[in-house]
Amino acid sequence: FILLGIGYLMMVTGTLNMEDMHNQLLRMADLNEHRTVLVAFAFLVVGLSLKMALYPLHMWLPKAYTYAPSAVSALLAATATKVGVYMAFRFLFGIFGVGFSFYAMPSHLILLAMASLGIVFSSLSAIRQTNAKSLLAYSSVGQIGYIVAGFSLANPNGVAGSIVHIFNHAVTKGGMFMALGAVAYRVGGTDLRDLRGLGKKMPLTMAALALGGLGLIGMPLTAGFVSKWYLVKGAFDAGMWGLAVVVLFGSLLALVYVWRLIEAIYFQEPEGRSAEATEAPLSMLIPIWILIGMSLYFGVDATFTGETAMRAANGLLGGAP
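Just add 6 to wherever you are in the sequence shown, counting from 1, and you've got the working numbering.
Just so you know, not all the hints are guaranteed correct.
[Said to hold, decoys possible] Computed spacing ranges between beta-carbons, pair by pair:
{"id": "1", "residue 1": "Pro-209", "residue 2": "Val-45", "range": "55 to 61 Å"}
{"id": "2", "residue 1": "Arg-33", "residue 2": "Leu-123", "range": "35 to 41 Å"}
{"id": "3", "residue 1": "Val-262", "residue 2": "Met-16", "range": "45 to 51 Å"}
{"id": "4", "residue 1": "Tyr-191", "residue 2": "Leu-32", "range": "52 to 58 Å"}
{"id": "5", "residue 1": "Leu-32", "residue 2": "Glu-269", "range": "53 to 59 Å"}
{"id": "6", "residue 1": "Leu-123", "residue 2": "Leu-9", "range": "23 to 29 Å"}
{"id": "7", "residue 1": "Lys-206", "residue 2": "Gly-248", "range": "40 to 46 Å"}
{"id": "8", "residue 1": "Gln-274", "residue 2": "Phe-310", "range": "38 to 44 Å"}
{"id": "9", "residue 1": "Val-89", "residue 2": "Thr-284", "range": "32 to 38 Å"}
{"id": "10", "residue 1": "Pro-287", "residue 2": "Arg-96", "range": "36 to 42 Å"}
{"id": "11", "residue 1": "Glu-313", "residue 2": "Val-251", "range": "26 to 32 Å"}
{"id": "12", "residue 1": "Asn-320", "residue 2": "Lys-69", "range": "37 to 43 Å"}
{"id": "13", "residue 1": "Thr-284", "residue 2": "Gly-13", "range": "54 to 60 Å"}
{"id": "14", "residue 1": "Leu-10", "residue 2": "Leu-115", "range": "21 to 27 Å"}
[As the list claims (entries may be wrong)] Derived DSS-like pairs (lysine-lysine); straight-line CA-CA distance at most 27 Å:
{"id": "15", "residue 1": "Lys-57", "residue 2": "Lys-69"}
{"id": "16", "residue 1": "Lys-57", "residue 2": "Lys-88"}
{"id": "17", "residue 1": "Lys-88", "residue 2": "Lys-69"}
{"id": "18", "residue 1": "Lys-88", "residue 2": "Lys-239"}
Keep in mind the hints are simulated off the structure, nothing from the lab.
Positions of the beta carbon are idealized from the N, C-alpha and C atoms, including for glycine.
Using the sequences and the accompanying hints, generate a full structural model.
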């Protein structure tokens, strides 16, 4: 899809240079009536949605995250879908421009609808999972919904919230998957029953997993709260109160599936392999806590991430205040 979209753009503009593409499209009259451009735009939006795992084009992601080796799952969760989001920024903002992508075309409404459905239904799917990696995988689809909803608002707070959430989700979910990797290393599995009572057996690893879960909920003093705050402000700026409600409802659903993790870790007795587990080695704990520590630090002091994201948002929107 993406290559077809790029091919059609090249047919129209005669170049593969992104800046030249943008300038050529600016010179065209009635761009939203140019069929080749519309076909290119449609192919790119669908292809990028697949790449980002945006609901309902997300079906590849849960199994990929669940059955990949834990180290690969951590890398995928932190980077893979974020590449798709970066590509969306480059194409929708950089080549087509804000006016065409979000005003001349109804794509912002379509993306907002898909993002909202993803936040709700992927979180509901996460609640039903019995494997911790699968739970976090469906959670990631919901978190992609927050990111897409933010930049689809096409206002400074929304786009800034999207950018901040890319970073916050990367460090939080990366740390959580690494913690589950340590569980798999010590226990041999990542089902919820394998996590029973590990709060006593692997206290440092489980504390990192629990704190990461608080970040997914968006609790104050975690990085997740900061990005969701920007998203809610962006929704209010756009007059979309319904989206703000979806963001808050998604956080309540996140509370439910994170509680399932915490209940197994701290409120159930270990059994089987879990009863004999020991703390993860230091070589695993250090990278886990670096990522979770970043999630906590940027929840307390979001000056750097917030200001950087706002500058980037204003640049993408053409210097909008």
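> Lying within 36 to 42 Å: is that true of the beta-carbon distance Pro-287 to Arg-96?
Replying inline: Given range 36 to 42 Å: holds, Cβ gap about 40 Å.
>> Tell me if the beta carbons of Leu-123 and Leu-9 are separated by a distance inside 23 to 29 Å.
In response: At roughly 27 Å between Cβ atoms, Leu-9 and Leu-123 fall inside 23 to 29 Å, so the hint holds.
> Taking the beta carbons of Gln-274 and Phe-310, is their distance inside 38 to 44 Å?
Replying inline: With a Cβ separation near 39 Å, Gln-274 and Phe-310 satisfy 38 to 44 Å, so the hint holds.
> Could one say that the CB atoms of Asn-320 and Lys-69 fall in the range 37 to 43 Å?
Replying inline: 39 Å, holds
> Does the Cβ pair Arg-33, Leu-123 satisfy 35 to 41 Å?
Replying inline: Cβ of Arg-33 to Cβ of Leu-123: about 37 Å, so the range 35 to 41 Å holds.
>> Assuming the hint says 32 to 38 Å, is it satisfied by the Cβ distance from Val-89 to Thr-284 or not?
In response: Cβ of Val-89 to Cβ of Thr-284: about 37 Å, so the range 32 to 38 Å holds.
> Leu-32 and Glu-269, beta-carbon distance inside 53 to 59 Å?
Replying inline: 55 Å, holds
> CB of Tyr-191 to CB of Leu-32, is that within 52 to 58 Å?
Replying inline: 54 Å, holds
>> Given the hint of 54 to 60 Å, is the C-beta distance from Thr-284 to Gly-13 inside that range or not?
In response: 55 Å, holds
>> With the threshold set at 27 Å, check whether the alpha-carbon distance from Lys-88 to Lys-239 stays at or below it.
In response: 22 Å, holds
> Can the restraint linking Lys-57 and Lys-88 be considered satisfied, given a maximum Cα separation of 27 Å?
Replying inline: 9 Å, holds
>> Within 45 to 51 Å: is that where the Cβ-Cβ distance between Val-262 and Met-16 falls?
In response: With a Cβ separation near 47 Å, Val-262 and Met-16 satisfy 45 to 51 Å, so the hint holds.
The structure is consistent with each of the numbered hints, conforming to all of them.
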